[in-house]
Amino acid sequence: MKDINKMELLISKFLRLGVIISGLIILSGWLMSFEADKNPFISLQSYQHFSLINSLEMNFILNNWGKVISYLGLMILISLPVLRVFLSTILFIRQKEKMMAFLGTVVFIGLILSFFMGIEGK
Amino acid sequence: MISLALLPISIVAGFIGSILGLGGGVVVVPVLTLYFGVEIRYAVAASLISIIATSSGAAASFLKDHLTNVRLAILLEIGTVFGAMTGFLLSSSLKSSSLFIFFGGFLIFSALMMFRQKNDPRAKINHPWSEKLGLNSKFPENGKWIHYNLANIPLGLFSMYFAGIISGILGIGSGIFKMMAMDSAMKVPMKVSSATSNFMIGVTAAASAGAYFLRGDVKPEIASPVAIGIIIGAWLGAKVMPKLNAKVIRKAFIIVMIIAATQMIMKGLS
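Chain order of the listed sequences is A and B. Sequential numbering of the first sequence, starting at 1, is according to our numbering. Sequential numbering of the second sequence, starting at 1001, is according to our numbering.
These are computed hints drawn from the structure, not numbers from a lab. Only true hints are included.
Which residues of chain A face chain B? A partial, calculated answer using Cβ under 10 Å:
(1) Ile4
(2) Leu9
(3) Ser12
(4) Leu15
(5) Leu27
(6) Ser46
(7) Ser51
(8) Asn54
(9) Gly66
(10) Tyr71
(11) Leu77
(12) Ser79
(13) Phe92
(14) Leu111
(15) Gly118
Calculated lysine-lysine pairs in the DSS-like style (CA-CA distance at most 30 Å, straight line):
(16) B:Lys1064 to B:Lys1191
(17) B:Lys1239 to B:Lys1138
(18) B:Lys1138 to A:Lys96
(19) A:Lys6 to B:Lys1124
(20) A:Lys96 to A:Lys13
(21) A:Lys98 to B:Lys1064
(22) B:Lys1064 to A:Lys96
(23) B:Lys1124 to B:Lys1138
(24) A:Lys98 to B:Lys1132
Backbone N, C-alpha and C fix where the C-beta goes; we use that ideal spot for every residue, glycine too.
Construct the entire structure; sequences and hints are all you get.
Structure (C-alpha cells):
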C-alpha cells in the first residue's frame, strides 16, 4: 500500500510538470495567434458544428501555426488525466491487485470511449 | 485586444475558485456568456479545460498531505466518467436557453450550500465493498493518524454518476456534489472527501472535455487565455489563502453568485 501511495505521488508530480509544459505550449500558441484574432468573440456568439479535424485542416492551409500549437497544448492537457488513470492501472497490475486493476481499466476504457463520442457527436 | 481581457478575468476566477473551494467554472461560464456573449457550449468546453489544469496541478500537494484516498477515487471515477459521458450526450440535445436556466439553478444551489451546516460523522461499520477493495484508510489530524471506515458505497457511486452528468452538461467540476455524496452517503471525513474530490475532478472533466475537444467545441481563442489565467489564479489563491479571511469573501461571493444566477436564468427565459 505504501509503495502505491509513493508511486501515485510520483505520477502526480509528473502530471504537475505536464500541466506546466502544456500551459507553456498553450501560451506560446495563443501569443503567436494573438494578432490574427481581432475580436474572436464575434464568431463564437452562435454555435456552429466545425470538428477538430476540420479546424486543424483549415489552420494548416492558412499557415495559422499559433492555433495549431494551441490545439497541441490543449490536447496534451486533456490527455493528462487519462495518462494518470493508465499509469495507476499499470501500478495496480504490477502490485497484483486484480480488482483495483480491473476498476482502473474500466475508467480508462470509459475515457477512451468518451473521446470517440466527440468524433461521432454533432 | 478583447481576448486579452480574458486573461486577468480568468486569473481572478482561478483565485476566487481556489479560495472558496469552488472550481473556476462557476465564474468562467457566466463571465464568458453574460459579458462576452460567447455561446454557452463554447464556454462550457473552455471551463472543462481549466478544471483539468487546476485538478492535475494540485493533485500532488493533496497526496503529499496524505488526505487523498486514491483507491476510493478510482472506484468513484467509474461513476463520474460514465456520468460525464451521459452529460455530454444530454447537452447535445439541450437548447442553449435550457443550459442557461440549468446553470442559473446550479449557481443558486451552490450559493445555498455555502450556508450548509457541516457535520463530520464517521461510519462505525465498514461497507462490504470497502472491506473487499481495502478502501478504508487513515488521515493525519492534529499530529495523530485517524482511521476511518466507509458506508453505503453503492449510493455514493450512483451519486457520482449524477455529479458526472452535471459536470458534462455545465462544464463545472461538480466538486460540491462529489463532496456531498462522500460526506453524507459514504461518511468520508471532510478533509479526505475534499482532497479526493479534487483528485477526481480532472478525470471527470477529461471525459467530457475530450469529447467536446474532438467535436471542435474547444476554441483556443477562449480556452487558451482561460486555462492560463486559471492556472495562475489558482496558484496565487493557494499562496495567499492562509492570510485571507475566507468567510468574508465567501459571503460577498454568495451575493455575486445570486446576481449571476438571476441574469443567467433571465437570459435563458428571454
